[in-house]
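Engineer: What follows is each chain in one-letter form.
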Amino acid sequence: MDKIVMVFYYLLTALVAAVVFWNFWLEKKNVDRMVLYLLVLVPFILRLLRVK
Amino acid sequence: MSRVKIILLAILTIILTISGVQLYRHRHYPLPVVAGPGVTHVGRLSDYLPSLKGTMPDTLIFFLEGREPGGKALILGNTHANEPEGLLAALIMVENALVEKGTLVIIPQFNHSASRTTRPGDGYPLYFDIPTPWGKKRFRMGNRDASPLDQWPDPDVYIHYPERQLLSFIDARNVNRTWPGRSNGLPMEKVTFAAMELIKKEKVDVVIDIHGAETMFPVTNCIVAPEKSAKLATMVSLTVKAMEKFDNHVEPSPPKFRGLSHREIGDYSEAMPFLLEAPIPFLDQPTGPKTEKFLLDGKDPFLLRLAGKKKLFVPYDESGWPMEKRVGQHLSVTLEIIRQFSRRTPERAILIRDVPRYAEVVEKGVGYYFHDPAQAPKERVYLN
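So the sequence lines, in the order shown, correspond to chains A and B.
Sequential numbering from 1 applies to the first sequence in our numbering.
Sequential numbering from 1 applies to the second sequence in our numbering.
No lab work stands behind these hints, which were simulated from the structure alone.
Accuracy of the hints is not assured; some may be wrong.
[What the hints assert, rightly or not] With a cut-off of at most 25 angstroms between alpha-carbon atoms, the simulated DSS-like pairs for lysine-lysine come out as follows:
{"#": "1", "chain 1": "B", "residue 1": "378", "chain 2": "B", "residue 2": "245"}
{"#": "2", "chain 1": "B", "residue 1": "241", "chain 2": "B", "residue 2": "325"}
{"#": "3", "chain 1": "B", "residue 1": "5", "chain 2": "A", "residue 2": "28"}
{"#": "4", "chain 1": "B", "residue 1": "364", "chain 2": "A", "residue 2": "3"}
{"#": "5", "chain 1": "B", "residue 1": "299", "chain 2": "B", "residue 2": "310"}
{"#": "6", "chain 1": "B", "residue 1": "200", "chain 2": "B", "residue 2": "228"}
{"#": "7", "chain 1": "B", "residue 1": "299", "chain 2": "B", "residue 2": "137"}
{"#": "8", "chain 1": "B", "residue 1": "310", "chain 2": "B", "residue 2": "137"}
{"#": "9", "chain 1": "A", "residue 1": "29", "chain 2": "B", "residue 2": "5"}
All values derive from a computational prediction rather than experimental measurement.
Using the sequences and the accompanying hints, generate a full structural model.
Structural biologist: Put into structure tokens, the structure is as follows:
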């Protein structure tokens, strides 16, 4: 059961990472927002890669 | 895609690569441990709970058996892997102790998963180096709690088993809140369950769990003992004060605070538990940067000012609280607990030699007692 819950959390992480990246992709002018999206993305990517 | 986005993505990739490689290397850095002349065999925690086999929380167990049968003592280091004096004291015993009677069982990295992660946001160094006569020996600096890569997600509230006390969510990954554990629980509950199995199957008499605590926390520089261990702990405290001139008072184990080694081991087994605390200024909050130097020498100007205002629970001056003092205290107190236990129950005596005491460690340094893995026979070097 614990492992199933963990798999769901990784799927949620992937979903949030994809949404954040999509927002970065859609942002056309505001560089501050682009940087913000990428900073938010860092821990999600590290967790998905099982680094941290 | 705009040029700005390409540049930002390139910067992100560089940041992720640099930080990711460092964190990956830290998680997979093997610490070489030279099994000393007293080590008779080496096992794993999964020998007592097979479902731990092949997982990161599984860890090495060193057995030092004497020629004569006697009692058994279990030493736990790195229950909290950001309190490295426990690890260093345990490893000095693994690499040097000779047991003449009885058995010493040592688990140097009890929360093995925690030793392979770092505390987010606190700027901990990933490693620390201890100078030795043959060069520097590098250790991983860990965290208090297991890595979320090995146990995730955290619950909203951690419900202790079997007492059902509600504890902080983060304590689900703290092996000093998951005693006595359960075989089908969370990975950290499995770790403590396996240790309880070891204690029961090996008929362990004494368990010593070695820690460090903040200078601003009242439960520091002490032996925490439940009712069944209190008399012996008091004798030990008085003896080290009289003979070795350092303070180590006795703190009672609170009966209603569940999950701690000094409470549950005593309640759920025949063994007498003791938890040792030495002051580790590095863990205090109002300090300067958390550098490797600060971890080792325990010197901090902000704590010095607080000591002047009597805000600390231990004496503190310009000399700080160096690692030698902390490890030396732990070794002396451990040896004294085993000596006092052996005097009281001669049929279960444990006789140990070649482990340095407080004054020797302060004089020669911690690294003096570590052996060069490059010079040791390969079959005596274990990666932990």
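Engineer: Work down the list of hints and note, for each, if the structure agrees.
Structural biologist: Results of checking the hints against the structure:
1. B:378 to B:245: violated (40 angstroms)
2. B:241 to B:325: Holds, at roughly 14 angstroms.
3. B:5 to A:28: holds (9 angstroms)
4. B:364 to A:3: With a Cα-Cα distance of about 48 angstroms, the restraint between residue 364 of chain B and residue 3 of chain A is violated, given a limit of 25 angstroms.
5. B:299 to B:310: holds (17 angstroms)
6. B:200 to B:228: Measuring from Cα to Cα gives roughly 17 angstroms; hence the hint holds.
7. B:299 to B:137: holds (22 angstroms)
8. B:310 to B:137: violated (36 angstroms)
9. A:29 to B:5: Distance ~10 angstroms between residue 29 of chain A and residue 5 of chain B Cα, so the pair holds.
Hints 1, 4 and 8 from the earlier list are contradicted by this structure; the remaining hints agree with it.
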